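Participant: Chains A and B are the protein sequences, given in the same order.
Under the numbering used here, the first residue of the first sequence carries the number 1, and numbering increases by one thereafter.
Under the numbering used here, the first residue of the second sequence carries the number 1001, and numbering increases by one thereafter.
Hints listed in this document are in silico derivations from the structure and should not be mistaken for laboratory results.
Keep in mind that this is a model prediction, so the values were computed, not measured.
Fair warning: there could be bad hints in the mix.
Unchecked claim - For lysine-lysine, the following DSSO-like pairs were computed, each having C-alpha atoms within a straight-line distance of at most 30 Å: (1) A/K324 to A/K410; (2) B/K1103 to B/K1377; (3) A/K324 to B/K1196; (4) A/K324 to A/K67; (5) A/K321 to A/K67; (6) A/K410 to A/K321; (7) A/K66 to A/K321; (8) A/K321 to B/K1196; (9) B/K1196 to A/K410.
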Amino acid sequence: MLGGMTALEDRAAVRRLLDRFGFGPRRGDLDRGFAETLDRLLAPAAPVAAPDLPAPERPAGNQEAKKRANAARADQEERFAGWWLDRMVAEPTATERLTWFWHGHFATSEQKVRSPRAMLAQNRTFRAHALGSFTDLAGALVVDPAMLLWLDGNDNTAAAPNENLAREFMELFALGIGHYSEGDVREAAKALTGWRATREQDAARFTDKRHDRSAVTLFGRTGPLDAPGFVAAVLAHPESAGFVVGRLWFRLVSSSPPPADVLDRLTAAYGPGRDVAATLRAIAAEPAFRDSATTLVKQPVEWLVGLLRAVDVRPSALPDKTRKRVRIGLAGMGQVPLRPPSVGGWPAAAAWLTTSAGAARLTLARAVVAGADLTAVGGDPVEDARVLLGVDSWSDRTRSALEQVRGDPKQLVAIAACAPEYVVSG
Amino acid sequence: MDSVTRRRFLTLTGVAGAGALAAGATRVDWGTLMTAASDTPLDPGAGVLVVVTLYGGNDGLNTVVPAGDAVYQDLRSDLAYRPEEVLDLGEGLGLNPGMTGFKGLWDQRRLAVVRGVGYPEPDRSHFRSMAIWQTATPGSASTTGWLGRWLDTLDGDPLHALSVEPVAPPLFAGEKGGAASFPVNGLTLPGGNPGKAFKALGHAQEGEDPWRARAAKAIADLHRGVDTFAEPAAGEDRSAPEDEQSTKGASAGGGSALGRQLAMVANLIEAGVPTRAYSVSLGGFDTHADERGTQQRLLTELDGALTPFADRMRGTDRGRNVVVLVYSEFGRRVRANAGQGTDHGTAGPVFLLGEPVAGGFHGEQPGLADLDGDDLKATTDFRDVYATLLGRVLAADPARVLDGHRGNVDHLIRA
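Working from the sequences, and respecting the hints, build out all of it.
Facilitator: Given below as structure tokens:
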């Protein structure tokens, strides 16, 4: 990767930093230097006021009540997702980008959880630890109510172990496949027994008599093990740090894994404190981070939020009809926040570059841009659109394509947002 | 059939009519798809494969149920179906009570059940095991899907394979590109200068970053599809909300609204769209808890979507060449967990439907007295099934696609 590498110019490196640790540049962001931009991104975020979502009522048996409960839940989910999208557009630090990252990493779907309140509580946990210690985050998630509802934690008892959460925690959240055995999965399930969550209560409860007190053999060591002990054992496994750091790299830098020496430096920065902010700082310092070849296909949400930031449109300010089209557009591109397709999270790279996603992307771009103030696009429209979107440069192909709509700023910016140079972060 | 007749034909046929119109989504595309199919229509003698992926790991033992087996009754306890509950297939096996349509197909010898399908050294991770089934490369990682590699052997036209979901499944990923994907909601593109500008973004740019080149190619493929199928939409787009997804336990991926997906496929086949392989999916089979009700509901949905599809396909020349493959990434543990669910297991049954299929049982039922740990031992390699479909339905050389794999399931497809 480093042989024959072409390093980005400073301004492009700042743009990349904003693309990867945030949701892309807003007007004026590219005028700051690299170090200042990094400091701003890694600074603590201002506290946020989340929407108030009352606990769902348990519907009485009749069909009418069920319908009402479903409608109330759908309404809450919509408010929550809309609020979060708005946060992503507004936030100047890396906090929302990392909150989004953790949502995809500990992928939990409202489809099965059926409690926007529990999903929001989980979202708060992601935000609170977004740039903090993975130790704290993983410890919170293993007893998170939405997670327990999602991965059948409620059914995991001493009398009847359920492996689902234990397996996915090791495979997808903290260790990676190949570093544990089927025996470890069965044993680990015992350590997580006894935790239960409901859709109404904000914290999971531990019931001693449902917990399996027998000795657990995990990674060849035998002894009593509870949920915090399980998390500690998995995170202490020599392969865990490289796995977690590798996942950050995969989503924030490149779908090609980091070279071994880079990974070593990053895991050193992650360190015994499992410090996410320090890891990001180390990523930004890597020469590979400035390699022009380290491109990344934007996920649909990242693409949309970046576009909203560039054209300075807050989703909360959009008319109802447009907000609805935003939801439909994201569904058409295959990515609805709060509804990852599986516990493995969303796909990456080529999966977003399908023919049908391309059509949905254009429709969505046109809907979003329709209400934007584009007076900045005027004198040299194609060039102005490039500056507005924060694209380093247009290819000849794209410049000549965009020339065909130079007289119509809205069409121009919408189509420019579908250009390969914008869809794929350089 | 001239274009107007086709249009009328498509408007009037199909379950999709009501569903699609209710969503307000696909009217333009239904109309425009027809024009398309008249340019390069599907050869009425060509085989067509429809792949149905059940995401989450469907419990094979409660799908094709050995209800008369004492070991099954013992290990499954409350989760077990009693012999009088299942739909008898003979040989001590019966279908899940939700699959009454499949039972009808079975009785007419139009349903094949390949028993005990899996692969050596089974992987119990959803993602690894699904990747193994979709890439057909157990024991090594591959970045291409089995039908993607089949696409690679053709002329590069993505329309040979079509997904009706927004995200293309890995089984369609090829080295040279991949399949087209048309979600149920269909496609609409602008006309005029904006349409020209968007189309021009699809041109290749020399020396471009590979991902950007791929983004450009997707735009080109999109227009190629739309040029083949469609006139550009005049004025506004007509995208509309998808139906609210049915809420079901789904921690391992997969689609919903299978009936709508299949109705779209049926319309495309009957219209003569030149696609040879389709992909649809149903999710929610990861039944670690309270399995019985959930799985039976999903199998009922599967049955309710596929039975009318099979019957409808029987009514046309092109439809009579259609073969449907139904599979999942693994079966589940033989012994129930006490949450009335099952954990990840190994081999399971594969279904094949359609007029070319030789109905009845194929392959051996894995014995419950002869387990590998707590799991079934596979008796048929899934690549044998794929090889048979590649050779007999898609008229391809299986060895080229399956890395030299030579096995087959004899007598699965009629001569």
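Participant: Against this structure, judge whether each hint is valid.
Facilitator: Status of the hints after comparison with the structure:
1. A/K324 to A/K410: Judged against 30 Å, a Cα distance of about 20 Å means the pair holds.
2. B/K1103 to B/K1377: Roughly 26 Å separates the two Cα atoms, so the pair holds.
3. A/K324 to B/K1196: 27 Å, holds
4. A/K324 to A/K67: 21 Å, holds
5. A/K321 to A/K67: Given pair A/K321, A/K67 holds - Cα atoms ~23 Å apart, limit 30 Å.
6. A/K410 to A/K321: 18 Å, holds
7. A/K66 to A/K321: 27 Å, holds
8. A/K321 to B/K1196: With Cα atoms ~27 Å apart, A/K321 and B/K1196 stay inside 30 Å; holds.
9. B/K1196 to A/K410: Holds. B/K1196 to A/K410 sits at ~15 Å (cutoff 30 Å).
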